[in-house]
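Trainee: These are the residues of each chain, in order.
Number of protein chains: 2
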Amino acid sequence: MTAPAPVVRKGRKGAGLTLRDVARLAGVAPITASRALNTPDAVSETVLKKVREAVERTGYVPNLLAGGLASKKSRLVAAVVPTIVGPIFLETVQSLTEALADAGYQLMLGQSGYENSREDALLEAIIGRRPDGVVLTGIMRSAESRKRLLASGIPVVETWDLTPTPIDMLVGFSHERIGVAVAQHLHAAGRRRVAVIAGVDERSRRRARAFSDEAVRLGMAVAGRKEVPQCMVPAPTTLGSGRTGLADLLGQDGAIDGVFCSSDILAMGVMIEAQVRGVAIPSQLAVMGFGDLSFSRDLHPQLTTVRIDGTGIGKTAARFIIERAEGREVPERVQDIGFTIIERQSV
Amino acid sequence: MTAPAPVVRKGRKGAGLTLRDVARLAGVAPITASRALNTPDAVSETVLKKVREAVERTGYVPNLLAGGLASKKSRLVAAVVPTIVGPIFLETVQSLTEALADAGYQLMLGQSGYENSREDALLEAIIGRRPDGVVLTGIMRSAESRKRLLASGIPVVETWDLTPTPIDMLVGFSHERIGVAVAQHLHAAGRRRVAVIAGVDERSRRRARAFSDEAVRLGMAVAGRKEVPQCMVPAPTTLGSGRTGLADLLGQDGAIDGVFCSSDILAMGVMIEAQVRGVAIPSQLAVMGFGDLSFSRDLHPQLTTVRIDGTGIGKTAARFIIERAEGREVPERVQDIGFTIIERQSV
DNA sequence: ATGAAAGCGCTAACAG
DNA sequence: CTGTTAGCGCTTTCAT
Numbered sequence: 003m004t005a006p007a008p009v010v011r012k013g014r015k016g017a018g019l020t021l022r023d024v025a026r027l028a029g030v031a032p033i034t035a036s037r038a039l040n041t042p043d044a045v046s047e048t049v050l051k052k053v054r055e056a057v058e059r060t061g062y063v064p065n066l067l068a069g070g071l072a073s074k075k076s077r078l079v080a081a082v083v084p085t086i087v088g089p090i091f092l093e094t095v096q097s098l099t100e101a102l103a104d105a106g107y108q109l110m111l112g113q114s115g116y117e118n119s120r121e122d123a124l125l126e127a128i129i130g131r132r133p134d135g136v137v138l139t140g141i142m143r144s145a146e147s148r149k150r151l152l153a154s155g156i157p158v159v160e161t162w163d164l165t166p167t168p169i170d171m172l173v174g175f176s177h178e179r180i181g182v183a184v185a186q187h188l189h190a191a192g193r194r195r196v197a198v199i200a201g202v203d204e205r206s207r208r209r210a211r212a213f214s215d216e217a218v219r220l221g222m223a224v225a226g227r228k229e230v231p232q233c234m235v236p237a238p239t240t241l242g243s244g245r246t247g248l249a250d251l252l253g254q255d256g257a258i259d260g261v262f263c264s265s266d267i268l269a270m271g272v273m274i275e276a277q278v279r280g281v282a283i284p285s286q287l288a289v290m291g292f293g294d295l296s297f298s299r300d301l302h303p304q305l306t307t308v309r310i311d312g313t314g315i316g317k318t319a320a321r322f323i324i325e326r327a328e329g330r331e332v333p334e335r336v337q338d339i340g341f342t343i344i345e346r347q348s349v
Numbered sequence: 003m004t005a006p007a008p009v010v011r012k013g014r015k016g017a018g019l020t021l022r023d024v025a026r027l028a029g030v031a032p033i034t035a036s037r038a039l040n041t042p043d044a045v046s047e048t049v050l051k052k053v054r055e056a057v058e059r060t061g062y063v064p065n066l067l068a069g070g071l072a073s074k075k076s077r078l079v080a081a082v083v084p085t086i087v088g089p090i091f092l093e094t095v096q097s098l099t100e101a102l103a104d105a106g107y108q109l110m111l112g113q114s115g116y117e118n119s120r121e122d123a124l125l126e127a128i129i130g131r132r133p134d135g136v137v138l139t140g141i142m143r144s145a146e147s148r149k150r151l152l153a154s155g156i157p158v159v160e161t162w163d164l165t166p167t168p169i170d171m172l173v174g175f176s177h178e179r180i181g182v183a184v185a186q187h188l189h190a191a192g193r194r195r196v197a198v199i200a201g202v203d204e205r206s207r208r209r210a211r212a213f214s215d216e217a218v219r220l221g222m223a224v225a226g227r228k229e230v231p232q233c234m235v236p237a238p239t240t241l242g243s244g245r246t247g248l249a250d251l252l253g254q255d256g257a258i259d260g261v262f263c264s265s266d267i268l269a270m271g272v273m274i275e276a277q278v279r280g281v282a283i284p285s286q287l288a289v290m291g292f293g294d295l296s297f298s299r300d301l302h303p304q305l306t307t308v309r310i311d312g313t314g315i316g317k318t319a320a321r322f323i324i325e326r327a328e329g330r331e332v333p334e335r336v337q338d339i340g341f342t343i344i345e346r347q348s349v
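Those sequence lines, one after another, are chains A and B. Each residue of the first sequence is one higher than the one before, starting from 3 at the first, in this note's numbering. Each residue of the second sequence is one higher than the one before, starting from 3 at the first, in this note's numbering.
Since the hints were made in silico from the structure, they are not lab data. Fair warning: there could be bad hints in the mix.
Which copy is meant is left open, because identical chains are indistinguishable; a pair holds if it fits in one copy or across any two.
Derived lysine to any residue pairs resembling SDA-like cross-links, with alpha carbons at most 25 Å apart [claimed, not checked]:
#1 51 x 120
#2 149 x 55
#3 317 x 36
#4 75 x 229
#5 75 x 311
All values derive from a computational prediction rather than experimental measurement.
Assemble the whole structure, with the sequences as input and the hints as a guide.
Mentor: Right, dumping it as structure tokens:
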């Protein structure tokens, strides 16, 4: 048997280049080169230098697919959002991406859409990549999906909600408590007839319901009524929905002096419509939003709203996943990150 | 030698399950099972049914890492944005994710930040995954990065800009032409003293410069001046920047009757500040934005702005990448998607 | 239409 | 500290 012909080197530098090539250039075994790259402390100064030189010269970039397959660590984390349009989850995705990148992990983004149909295909695509973790914004709806995720054994962090039965880990807050707190805030500010405008997504609805219940309890509904005036608008919410929402509410019986909007965008629409109609804020109408988007403080009047620490959620979720990926346990798997009512001028 | 002990099956269903297990269950060779899954047309009805049954029963999900390694097709596409916060690129990322998902590709999201420092590490992480394509929003700045990308041989689509020397493929529009068109629009509307508020990012700056030059040419600057009043604000732009921007401009010498804002957010801030100061829009001041964000049509007055088909950009970029991934050539590698001036009430 | 063998590029496990 | 060996789970190539 003759020795095999030397492997034909591809023309492009960096393409088709493997660890073997680098190792050969550095005069060491592939595994040694691997160690020089991944656990530099485990090799001698000399070897380290030679390998780094070889990498530098060739422009070698390790194949993470191969590495992931061999080590069963993909350094990939999947994030699922209903939709990326709509600024609510943005802050979370942003900080998640950053926190992960800092630790050498990449983010894979999936949009589940607001219907269930895509969820299954998406889940399959995710599990197929064997990510080191999955971050869910909002709760996975279909029980089937939840089961598959659980079965896959991949660390999961649910966010932006609290649930009695988390799949695995969770960092969120109570939408019910927000509804209650907002009603109380409005009541404390002297408002006596309130209404709510909410997008038809499940969490908004829960905030609205809790708000309505508490408002009724505090006597802020028309006597005898079991709920306050509501206006449901399509998700994702828009400025336009806020405008028509207020118009709708104003058209209903009974004057209102306060309105809770399920998003800051909606609240801004309400403010614009109020201005157009000559309804003074806050004297005639108090407005509260949800989300504390960056523009809210710059409105006129400044918007009183509920702040969620989206960045904190992202960071914590990243930490949870990374802890698990490195084989450590996460002692407090459920974290209530709470919320803050930001008092500004619109109430 | 004795036969090795049977492999211990992991407890969790779906975990550690391989194609071999499925094949065994279906009574075929692994490769046949593989074909049943990937190229169903290449196997008999009988085999197809048996394999599908086995998959169903076991909850098997193919390991895409292994598949990608063997086939050199990762079905992964990387997208790089400066930051995901800031609604400009959202539409593009959204449609990109969807179009890719429909074709069985996943999106990996990277944020380069507005400085160059992270770009290199990010690029390494991206190339390491051997994606089937990379979509860049805005141009990669460092020449080093561009070179590495080119060397990697990965299909690249640059977006949101036009450049004489694209790395590979490109779908964008001319920021210069937008500046010119906006100046002309304002001029045609009878404005004679215009100004510009722009974020300090490179593309905004180019729009602003082209706008200024054209405005000067049309005689919309103070006689003898070589540029119109400008106010540069930090990127990403905010409502607050728009408000202070207008205040700044109003404080400068010479009354203005029109202002071009480098983003709709900025324009909205201008409108709020104008309202607070009792400056009537459009009669006293015409306002134009850029981006046509969803809220722009719902403002009062409705915002006249420049619309970019972000969804179209995402779709086209996805198509380009997919074409290449499937081995086809893309004949028109540079596509100017243009822009539209949306005439509403603020001019 | 189906299968056997080989290997993608890397790392775990075990030597030395 | 360094190297050898043996896969990770899949697909390619080449037979049958």
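Trainee: Confirm or reject each hint.
Mentor: Cross-check of the supplied hints:
1. Taking the shortest alpha-carbon separations for residue 51 and residue 120, only the inter-copy value of 24 Å comes in at or below 25 Å, while the best intra-copy value is 49 Å.
2. Taking the shortest Cα distances, residue 149 and residue 55 sit within 25 Å of each other only across copies (19 Å), while inside one copy they are farther apart (48 Å).
3. In the homo-oligomer, the alpha carbons of residue 317 and residue 36 never lie at most 25 Å apart, since the shortest distance is 30 Å inside one protomer and 39 Å across protomers.
4. Neither within a single protomer nor between protomers do residue 75 and residue 229 lie at most 25 Å apart by alpha-carbon distance, with minima of 52 Å and 56 Å respectively.
5. For a Cα distance limit of 25 Å, the shortest separation of residue 75 from residue 311 qualifies neither inside one copy, at 30 Å, nor across copies, at 39 Å.
Checked against the numbered hints above, the structure breaks hints 3, 4, 5 and satisfies the rest.
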